[in-house]
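Single-letter residue listing:
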Amino acid sequence: MSDEARDIVGDYRFGFHDEDNSIIRFDNGLSEQVVRDISAIKNEPEWMTDIRVKAYHHFVEREMPKWGNPGILNDIDFEAITYFLRSTDSTQGDWKDVPEDIQNTFDKVGLREAENTWLGGITAQYDSEAVYHSIREDLESQGVIFLDMDSGLREHPELVKKYFGKVVPHSDNKFAALNTAVWSGGSFLYIPKGVHVEMPVQAYFRINAENMGQFERTLILADEGSSVHYIEGCTAPSYTSTALHSAVVELIAMDGAKIRYSTIQNWSNNVLNLVTKRAHAMKNSTVEWIDSNIGSGLTMKYPAILLRGEGAHAEVVSVAYAGENQHQDTGAKVHHLAANTTSNIVSKSISKDGGRSTYRGLLQVTPKAHNCRSKIVCDALILDEDSRSDTYPTMEIGNSSADLEHEASVSKVSGDQLFYLMSRGFNEQEAMGLIVNGFFEPFTRELPSDYAVEMNKLLNIKMEGSIG
Amino acid sequence: MAEEILNISNLHVSVEGTEIIKGLSLTINKGEVHALMGRNGSGKSTLANALMGHPAYSIDSGEITYNGQPIEELEVFERARAGMFLSFQYPSVLPGVKVGTFLKKSIEAVRGEPVKQREFRNQLKAAMQLLDMDRTFLSRYVNDGFSGGEKKRLEILQLVLLQPRLAMLDETDSGLDIDALKIVSKGINQVVPHAGCLVITHYQRLLEHVKADYVHVLIDGKIVKSGGPDLAHKLEEKGYDWLEVKNEV
Ligand SMILES: Nc1ncnc2c1ncn2[C@@H]1O[C@H](COP(=O)(O)OP(=O)(O)OP(=O)(O)O)[C@@H](O)[C@H]1O
Ligand SMILES: [Mg+2]
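Residue numbers (the numbering used here), protein chains in the order written: chain A, 221 to 688; chain B, 2 to 250.
A few of these clues could be false.
[Stated by the list, open to error] Cross-link-like lysine-lysine pairs, in silico, DSS-like; alpha carbons within 25 Å at most:
hint, chain 1, residue 1, chain 2, residue 2
1, A, K286, A, K503
2, A, K386, A, K503
3, B, K187, B, K126
4, A, K394, A, K381
5, B, K212, B, K187
6, A, K677, B, K99
7, A, K588, A, K553
8, A, K677, B, K106
9, B, K239, B, K105
10, B, K152, B, K223
11, A, K632, B, K99
12, A, K677, B, K187
13, B, K105, B, K152
14, B, K105, A, K677
15, A, K632, B, K152
16, B, K106, A, K632
Everything labelled a hint here was simulated from the structure, so no lab data went into it.
Just need the whole structure built from these sequences, with the hints factored in.
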């Protein structure tokens, strides 16, 4: 690797890229025609084209968010982004039919091994579309539908039409509008009543091309009394120019259902990660966002849960790592709209080498949502003087029966902790690695063990950066 | 012939510009237990921390050799890897770091090579049996929510697992109940034959279980008196005043 490349890639292990062998690549830039072309190339029903076009116009008119990092947002050149890139003719069910360099890429990121050992199904998306897909037969025979979103629309148009955009309308924010206009790929997952999917299913999103815009759209429906654990991972090559990742994820947990959605976000630093994630939780259901943001130059993401039915429970465990040239603007939003609903939010961030982490949270309890309970814990660890952490919690409490707890802390690694660890044989970098792994443990313990190990390794690599 | 492990000559140590250790000399050979006693604030922990290389404690003059080599240039972790061990008076809490993981990584760090899971498990099992520790400890976070006695027991578990050549135990007996004191002493005694031991304590009690070869009294940064185990008894009876007066004369 050249020095220049090393400068860009740094300690990022996934910064390699394959040659662009795309079979269709749109010219950079966005217009109504581009939106229509995406829809046409996918042979979509007219109602979907209409939704896209409407969303496009909303996107054009809608102003940029004023929070997060307006400096970076206002600098985005939407004309310099590729909005659609197709790499293969169709989504394959056998890796042998996937081009070799793409196979190798998914090998290197560890997806194929996980598929073989402990996942119930996977979708591998490469730039705009899924190139590979699999699901275990036993899940299929129980009626579980797990497809990439394009196939979902083709094969189950009635379900998609009923729920698409109902949790995150295109008018929610500028980037939700953009996603609705140009979406491509993502997952469609339906779990029938009473079915418990024991093995997690996973989607992996890989950006390969330079200046790529990836706009996956995910819809998960867990019918009454069912349960599922969905995992998403992502990486991208390191380029000097900006790539844009702007996803919309909609979850619906019907009565008594449980959805756990885990994210291991490890984009390269040239990727802007502007994502809208929201869930509806019906009576006695549980929705859990287990969210990590380790990569990207700027992330703005606030997974939300609307507790719509009595007795519903929301859980958000999120961790963020902001290193050099990174701003992680993340948080959680929980809306208690029904009585006897509960929520638990744990947010942990680490800032290092001038990195910046922001917690932005909203907790709402409506007047008729009686006897709700919520606990929020935000911990920030700042590893050096140049780094920064801010917390913006907002609470809108509409009735006095709510039982609320909120704790926030900002800490530094103490000299005594370091001395203790070093007296046990750890050098400074190893000691910091242990402290950081420990700090994120409330997150990693929620992951399947293989991914927890990976996550700790990832953090240790991040820690190697500046020390020593 | 005695095998020298630690030699300190005319050591001066200061903390934030204040001199705390003011000319201390001590030699510890393999297999010897040296008890160090003295009032609160006399500088016992300062000595131990300085020996382990804590950056806040500066060595202004004097010499420390370990295994015949000066250690001034060694960083804390290098001292640990060379076989020095400090059982802390106030061990640090490491939130989210599981005891089991920590112990294995620590052994690997000190030895400088990976340890086989099976070998580790066997060693750990034996050590925990010796110290009458429950397996549930392993999945707790290091010192997080531990009682005073539990913290000390975890320090001694590390002592037994790491097999140091120089063991410095800073008030390991404080906060231990009578049974725990006996159990912890078993751990210390297992290490003694292979190491030099510096045992900092306020109480004669510990020395009933761990046989000290020498007892030293530290007053105002200097060893003012050294003797055998009887000295500890005498201190228990008479306190430190009689030594101080004599020192001034
Ligand atoms: N890191 C430090 N910063 C400031 N002062 C210190 C520091 N460490 C020790 N001192 C001071 O040095 C003196 C000796 O402290 P030290 O902890 O060595 O005493 P000790 O003999 O271990 O006492 P004890 O029996 O209470 O444990 C005290 O006055 C203490 O306040
Ligand atoms: Mg002390």
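Tested hints:
no.	hint	verdict
1	A:K286 / A:K503	35 Å, violated
2	A:K386 / A:K503	18 Å, holds
3	B:K187 / B:K126	15 Å, holds
4	A:K394 / A:K381	22 Å, holds
5	B:K212 / B:K187	11 Å, holds
6	A:K677 / B:K99	16 Å, holds
7	A:K588 / A:K553	19 Å, holds
8	A:K677 / B:K106	14 Å, holds
9	B:K239 / B:K105	45 Å, violated
10	B:K152 / B:K223	29 Å, violated
11	A:K632 / B:K99	20 Å, holds
12	A:K677 / B:K187	38 Å, violated
13	B:K105 / B:K152	18 Å, holds
14	B:K105 / A:K677	16 Å, holds
15	A:K632 / B:K152	23 Å, holds
16	B:K106 / A:K632	23 Å, holds
The structure is inconsistent with the numbered hints 1, 9, 10, 12, although it conforms to all the rest.
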